[in-house]
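Asker: Based on these hints, arrange chain Z on the given structure of chain U.
Residue numbers (the working numbering), protein chains in the order written: chain U, 1 to 114; chain Z, 115 to 223.
Hints may contain errors.
Below, simulated DMTMM-like cross-link-like pairs (lysine to aspartate or glutamate); rule was C-alpha separation at most 25 Å, straight line [stated by the list, open to error]:
1. U/Lys44 x Z/Asp209
2. Z/Lys210 x Z/Glu158
3. Z/Lys117 x U/Asp38
4. Z/Lys182 x Z/Glu115
These aren't lab readings, by the way, just hints derived from the structure by calculation.
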Amino acid sequence: NAGVTQTPKFRILKIGQSMTLQCAQDMNHNYMYWYRQDPGMGLKLIYYSVGAGITDKGEVPNGYNVSRSTTEDFPLRLELAAPSQTSVYFCASSYGQGSGNTIYFGEGSWLTVV
Amino acid sequence: ELKVEQNPLFLSMQEGKNYTIYCNYSTTSDRLYWYRQDPGKSLESLFVLLSNGAVKQEGRLMASLDTKARLSTLHITAAVHDLSATYFCAVGYDDKIIFGKGTRLHILP
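Just chain Z, same shape as in the assembly:
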């Protein structure tokens, strides 16, 4: 059965700093998703990664996928307070999509 592990689960960081969130998964997959969730809200799609070596960037966020290592990263560059949220990775397996536990990111001014 597919396991999806994110780390860290909690992250408090200063504005202006860089950091990376890691997403490991246990079974071969060709679909990796990143979502953002604000408190009390639904999930907002950030990236869909479909192939080994895929890299996508939007503003201060950049996601990459290494299917051989079964690893995806979400890199935050020069963090700003508005990026405070919970970030989830999710992995496609057969017809299912399995989520990690999420990384709660708190960016201090």
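In isolation and in its complexed conformation, chain U is listed as follows:
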């Protein structure tokens, strides 16, 4: 039972480079989320999706893009990486909001921009 799988787990990027953080879930969840967590801080919502083909901005979307072409996958793209994007990124998924279902988190992706 894989749940929510994130890759890579660790990555170092140079300023100005681009990369994609991958997120896949095998629970047939409709809702998927991307959060970032800075050291000693809470989680900030970057983007979320309520189903394939539908995405929307969260609290801190600038500098990021997402797509949701399938139910299973929700990749997060960083364009022109900046030191301020150094953070831990968590992907999460759930069946849906109305039912109050548990939200499942991936193990996180540690990103450093130098």
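Answerer: Frame of chain U; chain Z shown alone:
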């Protein structure tokens, strides 16, 4: 815009004592979540609270929800060292889930 505030942000307490963490939020919501995070790890779901007056308990942890006051509490009974962690509340708003800053709990033996 939804604001979620937790207090205290840091808490150091002795084993065997009781304490409460508070979570206030600014907008009407019908979903309140509590999570635990250990250092360097992901988030573990503790409770999902869906209605006014909801109370859930697991071991030494008990969570409650007052939707009229926009307040949830996480009560720790007779704390033990294993409960040392950071605890987050999160509130559902439209299709988003917004987190508080977390309460870092350190339980002294």
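Asker: If any of the earlier hints don't hold here, list their numbers in rising order.
Answerer: Violated hints: none; all satisfied.
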